[in-house]
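Please construct the entire structure, taking both the sequences and the accompanying hints into account.
Top line first, the protein sequences correspond to chains A and B. Residue numbers for the first sequence follow the numbering used here, so the first one is 198 and each next one is one higher. Residue numbers for the second sequence follow the numbering used here, so the first one is 899 and each next one is one higher.
Treat the hints loosely; a few may be bogus.
[Said to hold, decoys possible] Covered stretches of chain A (chain B as the covering partner; in silico rule of three or more C-beta atoms under 8 Å from a C-beta of chain B):
hint : region
1    : 516-524
2    : 789-800
[Unchecked claim] If you want the ones that stay clear, here's a sample from chain B, every Cβ over 12 Å from chain A, calculated:
hint : residue
3    : ARG942
4    : SER948
5    : VAL951
6    : PRO955
7    : LYS995
8    : VAL997
9    : VAL1027
10   : ASP1036
Worth flagging that the hints you see were computed from the coordinates, not collected in a lab. Where a beta carbon is used, it is the ideal one built from N, C-alpha and C, also for glycine.
The residues making up each chain are set out below.
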Amino acid sequence: MLPELGQVALLLALLVAVLQAALPLVGAQRGIAPWMAVARPAAYAQLALVALAFAILTHAFVLQDFSVQYVAENSNSLLPWYYRYTAVWGAHEGSLLLWALILAVWTALVARFSRRLPGEVIARVLGVMGLISVGFLAFLIFTSNPFARLLPAAAEGRDLNPLLQDPGMIIHPPMLYLGYVGFSVPFAFAIAALLGGNVDARWLRWTRPWTNVAWAFLTIGIALGSWWAYYELGWGGWWFWDPVENASFMPWLAGTALLHSQAVTEKRGSFRGWTLLLAIAAFSLSLLGTFLVRSGVLTSVHAFAADPTRGLFVLIFLGIVIGGSLVLYALRAPSDDDGSRFSTASRETLLLVNNLLLTSACAMVLLGTLYPLLADALDLGKISVGPPYFALLFVLLMAPLVLLLPFGPLTRWQREQPSKPFAMLVPWAGLALGIGIGAFFLAPQGPWKTAAGLAGSAWVLAGTARFAWTRVHAKGNRFTAEMLGMTLAHIGIAVFLVGALLTEGLSRQRELALAPGQSVELGRHAFRFDGVVRRQGPNYLADRGTVQVLHDGHAIALMHPEKRSYASGGQVMTESAIDAGFSRDLYVALGEPLGGGAWAVRVHVKPFVRWIWLGAVLMALGGFVTATDKRFRRKEASA
Amino acid sequence: MTGSKAMRWLPLAIFAALAVLLAAGVWLSRKPDREALPSPLIGRPAPQFSLPVLHEPGRLVTLAELKGAPFVLNVWASWCAACREEHPVLTRFAETKRVRVVGYNWKDEHADALRWLEQFGNPFWMVLVDYDSRYALDWGIYGAPETFLVDADGIVRWKHVGPLSDDIIRDELLPHLAQAEHAR
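Next comes the structure, spelled out in structure tokens:
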């Protein structure tokens, strides 16, 4: 009976969401206080109901109730206990329920921490979030019911997709959704501001910490996805420009632009309309990503089962939410001219350039992702846009951003003598250039990428350090959490640059046939293949190889790459062995057996690959630290 | 940036265009024969070529060497997401050994192509390599994946744009193959 209770809980949650959307929004327009007061209790009630439904679905997975269709399709009696929890969001229905749960959590948090906001504003914000919830719960209930029964019950489940049987998958989707859904908070505030007609700096001060936290979660989510692809897909790559990766990267780019433009609007009052538009865009792109992943319109390794009905539903929902917001924006948006004037040489200009570059990158990714669809619609045939397009354009757009980054924090608002930041940065530019030239001539391979990575990183690091030094030594100026957050995030970019470009430039790899006892050398590392043995896993059979790694003759690692054949479905998965290190990863993957105990073996040495994710962690940390700035919690004295 | 009144409608206009495109996508994904595209090559001799073999560096293969029995030519690349989707279908089909499945590795890189096959398995009887797209225009290749059926006399019998499915193989490829063999 529990699954039916779960379904009832979802239906009740939908009803509550309708109330949460309708009454406070109408109440705020007409000034009816009791209607507005519905918002908070409704938000809490919704959280309780969705959490109940989620708990019931988890319960069904843990007890392996194969009379529930979704459980039977995504679980198996051999599935280890910890994956029974993560299997809940292993496919379409459950991951939508997770989406709804996270939205309910964010809504309840907004309800809880918004005591200082005027009743009208909070009623509108929670109302808009309720509206989004109506859409998702209706989608869940009418097209993707996770509690649908399978009668008669299956004797055995079909098992969770082996790709998803992995520790990285335990936290990747929740982090990603915390980010996606988190952007609904600035979105709801933007819509509330447009509805109320009072687009002032105050709504921004309230939303900036929320935007930062959502962005930080999204950063972690994307980094986890990249890390997972690196070790689980067995390719040794870390980013593939796959449609689903792009779907998460677009809101990130728009969100990054939003973080910066929010700072301008809050502090200087400029770019108000633009900031509102970006708040709408960041969340709209999150929704668009959901649509692209779920509708089956684009093909991808990550894509969920295609279903045109679901595609149509999400499309209509997108039309209402995004179309509605943009109409409201067109009618109500304030003019950008209202803020304080600024000259060409000012921090405002630099941040404007930052925004243009980030939004162009976002548009470029959108175009590349949708181009195959466009070609298909115009009957030009099915076309895949390859990574070369994305990589080239992305580097072209991000290079100026990296060059200008150190100037931003050192340039004053409104008007600056260009010679001042230049004077401060010239020695550091020289240093970075020197490092770049040195790296170019010393790099054993990939001189351009290595030089660009080291020079770019040194430049960003030195420029950021210069800013921090100036601030710490300036009289009467505190080093605020906001500044610390920014410093951390920018250092994160420097670290990321080293990781991304050095991995691309300096990685070595070889693939060859090895008989037991044979070795392959890669630089100063020697990999000795010690054969393969059969091994039984909980729900798979594995060929487990043993590879001994020697560095200058000293044994440094014993690695066990596997080829797993999963019991249900017979899917074969490559489980590469990775010896992680601060300055390099060793990576070994098994290919095909070649007879006589010999195997095709692929070995990589990947310098600094960890720095890619370390950089992302620092950026995310920057987002969290910024959100703790006291200024965002100050009483509204100045506004 | 959003100064003038008219400019404010621009985001909505962009979104409207996007929505039309997405609606077209949903509509297309309902049409079962979305990949059906006529090819002027059908019923005509396959274009001549001389291409290297992926796994045997230095060896060149021409159309003449492949003639004598029908073969299926599958255009793929490691960068193509749809090829990954098609791969298990193609593998199942190749395992039936009904006909030779020749890979046409297009606009790819040598190491990537080898890695792709190693990772997902190699269903191909032989893989031809055309990294500079030298013969793609002759064959009228739109994009990857794409599949041609060439009969024993080197006549193109059938073409499919987009990933193969078990249904397409059963309902289209195999009947065309039987027909080509029967006509001989």
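Consistency of the hints with the structure:
| no. | hint | result |
| --- | --- | --- |
| 1 | 516-524 | holds (count 5) |
| 2 | 789-800 | holds (count 3) |
| 3 | ARG942 | holds, 19 Å |
| 4 | SER948 | holds, 25 Å |
| 5 | VAL951 | holds, 17 Å |
| 6 | PRO955 | holds, 14 Å |
| 7 | LYS995 | holds, 19 Å |
| 8 | VAL997 | holds, 23 Å |
| 9 | VAL1027 | holds, 16 Å |
| 10 | ASP1036 | holds, 16 Å |
The structure is consistent with each of the numbered hints, conforming to all of them.
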